[in-house]
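Fit chain Y to the supplied structure of chain W, relying on the hints for placement.
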Amino acid sequence: MKDSKTTEEMNHSRREFLSKTAVAGTITIAPGVLLHSTAQASGNTSTKASDEEVSNKNRWGMLIDTAKCADGCTGCVDACNEENGLVGHDRPATDTQYIRKVTLKEKSTGHELSLPLMCQHCETAPCADVCPTGASFVRADGIALVDKHICIGCRYCMMACPYKARSFVHENVENQKLTAPRGKGTVEACTMCVTRVDNGGIPACVEACTAEDHNAMIFGDLNNPNSDISVALKEHGGKQLRPDLKLNTGVRYQGL
Amino acid sequence: MSKIEYTSVEGKSLPYFALLGGLAFMMLLAIGSVFYMEHEGHHVTGMTNQIVWGMPHVFAIFLIVAASGALNVASIASVFRKKIYEPMARLSALLALALLTGGLVVLLLDLGRPDRLIIAMTYYNFKSIFAWNIILYTGFFGFVGAYLWTMMDHNVYKFKPYAGFSAFVWRLILTTGTGSIFGFLVARSAYDAALMAPMFIIMSFSFGLAIFLLVLMATYKWNNMELGDAVVNRLRNLLGVFVAAVLYFTAVYHVTNLYATQHHDVEKFLLLDGGIFTNVFWVGEILIGGIIPLALIYAPGVKNCRTTLGLICTMIIIGGFSKIYTILIAGQAYPLEIFPGYEVTSSFYDGVVNSYTPSLPEILLGLGGIAMTLFIVAFALKVLRFLPVSLADSVADPHSAK
Chain W
1 MKDSKTTEEM NHSRREFLSK TAVAGTITIA PGVLLHSTAQ ASGNTSTKAS DEEVSNKNRW
61 GMLIDTAKCA DGCTGCVDAC NEENGLVGHD RPATDTQYIR KVTLKEKSTG HELSLPLMCQ
121 HCETAPCADV CPTGASFVRA DGIALVDKHI CIGCRYCMMA CPYKARSFVH ENVENQKLTA
181 PRGKGTVEAC TMCVTRVDNG GIPACVEACT AEDHNAMIFG DLNNPNSDIS VALKEHGGKQ
241 LRPDLKLNTG VRYQGL
Chain Y
1 MSKIEYTSVE GKSLPYFALL GGLAFMMLLA IGSVFYMEHE GHHVTGMTNQ IVWGMPHVFA
61 IFLIVAASGA LNVASIASVF RKKIYEPMAR LSALLALALL TGGLVVLLLD LGRPDRLIIA
121 MTYYNFKSIF AWNIILYTGF FGFVGAYLWT MMDHNVYKFK PYAGFSAFVW RLILTTGTGS
181 IFGFLVARSA YDAALMAPMF IIMSFSFGLA IFLLVLMATY KWNNMELGDA VVNRLRNLLG
241 VFVAAVLYFT AVYHVTNLYA TQHHDVEKFL LLDGGIFTNV FWVGEILIGG IIPLALIYAP
301 GVKNCRTTLG LICTMIIIGG FSKIYTILIA GQAYPLEIFP GYEVTSSFYD GVVNSYTPSL
361 PEILLGLGGI AMTLFIVAFA LKVLRFLPVS LADSVADPHS AK
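Chains as they are written, first to last, in this note's numbering: chain W, 1 to 256; chain Y, 1 to 402.
Pulled out of the complex, with its shape left as it was, chain W reads as follows (with noise of 0.2 Å):
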């Protein structure tokens, strides 16, 4: 008798744990399903389960406009420095930069304006085309990546990439954050963020350029024509960096 009475105290207690469990659950969960489809409908950011294999439905790039990106501001470079446990050691020949500001004045006119410079994410991209083990690869959803577990350091890569967007680790590195690992020895890149993508999320010099009110890059899908990145590049248009090489980048310019 007493054994059941304790049976039914404790069917109690798991149904209201259950029940308050779920309230909870659909208030933590509502926004992010929410988002979820907003972002869907966008096609700013990834709707990708983490169990779902990456594929080529997504095309994810970067507008960049130059007219909004302010000269002196580094905004993007520290976000991704922070993001990614870049830390100098006060030798910038072979301190490692995935992002870096590029101040340009035109010969003819002496016009002059800055923007960032980082990893092109090429469809059909050099630094993959020569690598020799494979390391250097161009996701389904043109992100492009070196596997840290099969690149051999042998710096091929860096002489055929177009844009010098590649650092090799030139130095012990300490501290690695646990979403950005790298390694001495071998080569490195923007990696567009491709932890926070496949979470939802956008890249950090993104969100840093955002935060500074400069709004000067757009992150998103170019296979989504509602996308704000496809909206801009239709309404605006945008230029590749060296179109004669046909490469199909992935970050785009407006103001060159």
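Keep in mind that the hints are not guaranteed to be accurate.
Claimed, not checked - Derived DSS-like pairs: lysine-lysine, alpha-carbon spacing no greater than 27 Å straight-line:
id : chain 1 : residue 1 : chain 2 : residue 2
1  : Y       : K83       : Y       : K160
2  : Y       : K158      : Y       : K303
3  : W       : K107      : W       : K246
4  : W       : K239      : W       : K148
5  : Y       : K83       : Y       : K158
6  : W       : K107      : Y       : K268
7  : Y       : K127      : W       : K148
8  : Y       : K221      : Y       : K3
9  : W       : K246      : Y       : K127
10 : W       : K246      : W       : K57
11 : W       : K68       : W       : K239
12 : W       : K148      : W       : K184
13 : W       : K148      : W       : K57
14 : W       : K57       : Y       : K127
15 : Y       : K158      : W       : K105
16 : W       : K246      : W       : K234
17 : Y       : K221      : W       : K184
18 : Y       : K82       : Y       : K3
As the list claims (entries may be wrong) - Part of the chain Y face toward chain W, derived, beta carbon under 7 Å:
id : residue
19 : H39
20 : G41
21 : H42
22 : H43
23 : G46
24 : R113
25 : N125
26 : S128
27 : L185
28 : L336
29 : F339
30 : Y342
31 : T345
32 : F348
33 : A392
34 : V395
FYI, nobody ran anything at the bench for these hints, they're computed from the structure.
No residue lacks a Cβ here, since even glycine has one placed at the ideal position from N, Cα and C.
For chain Y alone, coordinates are given in the frame of chain W:
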């Protein structure tokens, strides 16, 4: 021509062991340098994110290119049936294998992760010319090794023509592959030229033969064996043709670039404004490596002078290093043209000519590769019979034998 008799070197003298000891010491220094560079990371070298390939690659590419060319003498004997070259075919093949080994070891030990050799051997991206080269190098060892076997073992002697022909074709493909490492780099102004492949082949002929002649003359002199003028002068004349051909290809490369307006800037850099690179090009590559040796080869007064020939070969080797230095380092030093029509500045050396100062460990690693090559040759000459007992005119020259 009578049957050729082969011998090994005695290898018991003090100078022989001093030579091996000296070479072993150089290899030890190279190993020490590798440990230092790998432990500290490549920041201790002169190489950077701008000049990503440095001195080790200059040495490695020189040795790999020369390896293919060192096989010349054997190829001329087996493929083109020139009898006078026949006795030297074994040494030619041995030197080819030793040079390739030295070059590859340098290339491997400069990798960011040399411990991942097994990955390089098992993961292949077949679109990569580098991956093809790994197969080409391995194949070279196989083909030239088999060729050497057919030359040295009477049981398989009948296969020699086939082995010789295969090795000949393979080495042409191999150097095409080496040249294409640069020829396929579309983004850099100084590369991206199909001419690179045939130019590398002709470079291999020249550098390889110069090294072969030096090794041949030194070996015969140090072992008091007879080396006649008939053989040496044949090789000397052949060397002259190769040196002229390298100059011709160099001229075609630059003149073609000079015709196209888009390449004017890079040519101005290489030929006029490049500072050290321009000096290395004109003085090292053209003058020391081309014009002076060419003049000396055909100068009547020094025709049979071995010292002059030794000097000529040394100059060609210096010129060869200069040429590869110019192609490799100057090609990287010239800034990438990402924004045509703009002046560019950044924290990552955009728009500026990159500088490169080779560090001691890099140079020691490269010299270690040369030492390894020579060690292999010196050791192999002792344990197997690579050398004809005599290369006197009466033995080597078919006309004297009549």
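Now the hints, each set against the structure:
For the suggested pair Y:K83 and Y:K160, the alpha carbons sit about 14 Å apart, so the restraint of at most 27 Å is met. Note on Y:K158 and Y:K303: the hinted pairing is violated, with a Cα-Cα distance of about 38 Å set against a maximum of 27 Å. For the given pair, W:K107 sits about 25 Å from W:K246 by alpha-carbon distance, which is consistent with the 27 Å threshold. At roughly 31 Å between alpha-carbon atoms, W:K239 and W:K148 are farther apart than 27 Å, so this suggested pair is violated.
At most 27 Å may separate the alpha-carbon atoms for a hinted pair to count; Y:K83 and Y:K158 meet this at roughly 17 Å. For a cut-off of 27 Å, the pair hint linking W:K107 to Y:K268 stands: about 18 Å separates their Cα positions. Between Y:K127 and W:K148 the alpha-carbon distance is near 20 Å, which keeps this suggested pair within the 27 Å criterion. A C-alpha spacing of about 23 Å is found between Y:K221 and Y:K3, which places the hinted pair at or below 27 Å, so the restraint holds.
Distance hint between W:K246 and Y:K127 is fulfilled; the C-alpha atoms sit about 17 Å from each other, no more than 27 Å. At most 27 Å may separate the alpha-carbon atoms for a hinted pair to count; W:K246 and W:K57 meet this at roughly 21 Å. A distance of roughly 16 Å separates the Cα atoms of W:K68 and W:K239; the hinted pair therefore holds under the 27 Å criterion. For the proposed pair W:K148 and W:K184, the alpha carbon gap of about 10 Å is at most 27 Å, so the pair holds.
Between W:K148 and W:K57 the alpha-carbon distance is near 26 Å, which keeps this suggested pair within the 27 Å criterion. Straight-line distance between C-alpha atoms of W:K57 and Y:K127 comes to about 25 Å, which keeps the hinted pair within the 27 Å bound. Using a Cα cut-off of 27 Å, the hinted pair Y:K158 and W:K105 is violated, with the two alpha carbons roughly 70 Å apart. Under the criterion of a C-alpha separation no larger than 27 Å, the hint pairing W:K246 with W:K234 is consistent with the structure, at around 19 Å.
Proposed proximity of Y:K221 and W:K184 is contradicted: the alpha carbons are some 48 Å apart, above 27 Å. For the given pair, Y:K82 sits about 15 Å from Y:K3 by alpha-carbon distance, which is consistent with the 27 Å threshold. Interface restraint check for Y:H39: the shortest CB-CB distance to chain W comes to about 9 Å, outside 7 Å, so the restraint is violated. Annotation: Y:G41 was flagged as interfacial toward chain W, and the flag holds, the nearest CB pair being 4 Å apart, inside 7 Å.
The interface hint given for Y:H42 holds, since its Cβ lies 5 Å from the closest Cβ of chain W, which is under the 7 Å cut-off. Interface hint status for Y:H43: upheld, as the beta-carbon distance to the closest one in chain W is roughly 4 Å, under 7 Å. Because the smallest distance between the Cβ of Y:G46 and any Cβ of chain W comes to about 9 Å, over 7 Å, the interface hint for this residue is violated. Interface restraint check: Y:R113 against chain W, minimum CB-CB distance 5 Å, threshold 7 Å, status holds.
The restraint placing Y:N125 at the interface with chain W holds, with a minimum CB-CB distance near 4 Å, inside the 7 Å limit. Nearest Cβ of chain W to the Cβ of Y:S128: about 5 Å, under the 7 Å cut. The hint holds. Annotation: Y:L185 was flagged as interfacial toward chain W, and the flag holds, the nearest CB pair being 6 Å apart, inside 7 Å. Hint on Y:L336 holds. Least Cβ distance to chain W is approximately 5 Å, under the 7 Å limit.
At its closest, the beta carbon of Y:F339 sits 6 Å from a beta carbon of chain W; the interface hint therefore holds under the 7 Å criterion. A distance limit of 7 Å between C-beta atoms decides the matter here; for Y:Y342 the minimum to chain W is near 4 Å, and the interface restraint holds. Below 7 Å, beta-carbon pairs count as interface contacts, and Y:T345 has one with chain W at about 5 Å; its hint therefore holds. Taking 7 Å as the C-beta cut-off, the interface hint given for Y:F348 holds, the closest approach to chain W being about 4 Å.
Look at Y:A392: its Cβ only gets to about 48 Å from chain W, farther than 7 Å, so that hint breaks. Because the closest C-beta pair between Y:V395 and chain W is about 47 Å apart, greater than 7 Å, the hint is violated.
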